[in-house]
Each structure stands twice: as structure tokens, then as C-alpha cells.
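Chemist: The opening position of the sequence shown corresponds to residue 1 in this note's numbering, with each subsequent residue numbered one higher.
It is worth saying that the hints were derived from the structure and are not from the lab.
The calculated SDA-like cross-link candidates involving lysine to any residue, where the alpha carbons are at most 20 Å apart (straight line), are:
1. K73 to S83
2. K70 to Q47
3. K45 to F35
4. K70 to Q49
5. K73 to P63
6. K45 to P63
Ranges between beta-carbon positions, derived for each pair:
7. I88 to G32: 18 to 24 Å
8. V134 to L3: 30 to 36 Å
9. S138 to Y96: 21 to 27 Å
For every residue, glycine included, the Cβ atom is placed at its ideal position computed from N, Cα and C.
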Amino acid sequence: MFLTFPIMVIRVNTVENVVEWRWNNMLLIGIGSFFLSFVWRYFIKRQDQGTKKTDIGETEKTPLIQRILKERKIFIPTLIIISVFALIFPFIFSLYQTNIMITGLIYVMLGLGLNIVVGLAGLLDLGYVAFYAVGAYSYALLNYHFGLGFWAVLPIGAG
Numbered sequence: 001m002f003l004t005f006p007i008m009v010i011r012v013n014t015v016e017n018v019v020e021w022r023w024n025n026m027l028l029i030g031i032g033s034f035f036l037s038f039v040w041r042y043f044i045k046r047q048d049q050g051t052k053k054t055d056i057g058e059t060e061k062t063p064l065i066q067r068i069l070k071e072r073k074i075f076i077p078t079l080i081i082i083s084v085f086a087l088i089f090p091f092i093f094s095l096y097q098t099n100i101m102i103t104g105l106i107y108v109m110l111g112l113g114l115n116i117v118v119g120l121a122g123l124l125d126l127g128y129v130a131f132y133a134v135g136a137y138s139y140a141l142l143n144y145h146f147g148l149g150f151w152a153v154l155p156i157g158a159g
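Work out the full structure: start from the sequences and follow the hints.
Modeler: Here is the structure:
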């Protein structure tokens, strides 16, 4: 809870040059952490129940994600809920929060790609990161000098 303090409680408003203190967010984080600890324990207990017998008589654990993917009654509603949330996210939250999520998802995609290159291929290929850096640098230059937005510069920086 203390790690999220600067992010959740302190907000710097750069337009009005003021610092806002949002103590109610800290209370919500505390309640959410308390609730999620019970949910975590529930899934840990449930994971232990997800064992199946093999021919030899040993037990083999089936991961929760595999059970969700196999069970259509859970998979389809979960997929629909996630898709609807992703579609309505920009309309519910502010532009700032949407930009933060987009930046976070870009870093997630960078991490996934680097994980594939390093983990599956066994290569420490820093050229992958260099291509990302070239794209980011091109975006910075085109945005600064010509005022182009992120989505307009994305195909140029990728090419």
C-alpha cells in the first residue's frame, strides 16, 4: 500500500500548477488490497483442487488458465467482459488515463516481444530494443518539430 502512495494520493495538476491530495484513493487501495487477498487465497485453494490422476497414479496439476480456456461457460463471458471494457474504456476515463494505459500497453508489447526473442530464440538481441528506440526517437522529433500526434507518426516510426 505504501508503494502506491505517490501514484494514488498525490496528483500534480500541471495546468493550474497545484498539487492535489486524494486521500480517498488510499482508502480504496486499502479496501481493494484486503478484498484481493481473499480472492487470491480462494484461487490458491482452488488451484490445489485442480489436480487430475494420471495412469501411473501420480497427480498432475492443471493450471487455472487452461481450465478457463477449456470451459466455454467461463471463457466466452470472460472474453466478452474484457472486450466490452476495452471498447468503452476511452469513453469512461479521461484522456490522461487513456494515454497512460496506451503507454503501458506499448511497454507490455515491447516486453512480450523481447521475451519471445530472448526466451524462445535464446538470443540476447539488443537490435530489437534499438528498433524500438529508433521509433520512439522518430516520434519525438516529428512531434516536436511538426506537431504530429502519436497515431499519425506510428506508421512512420515503424517503417
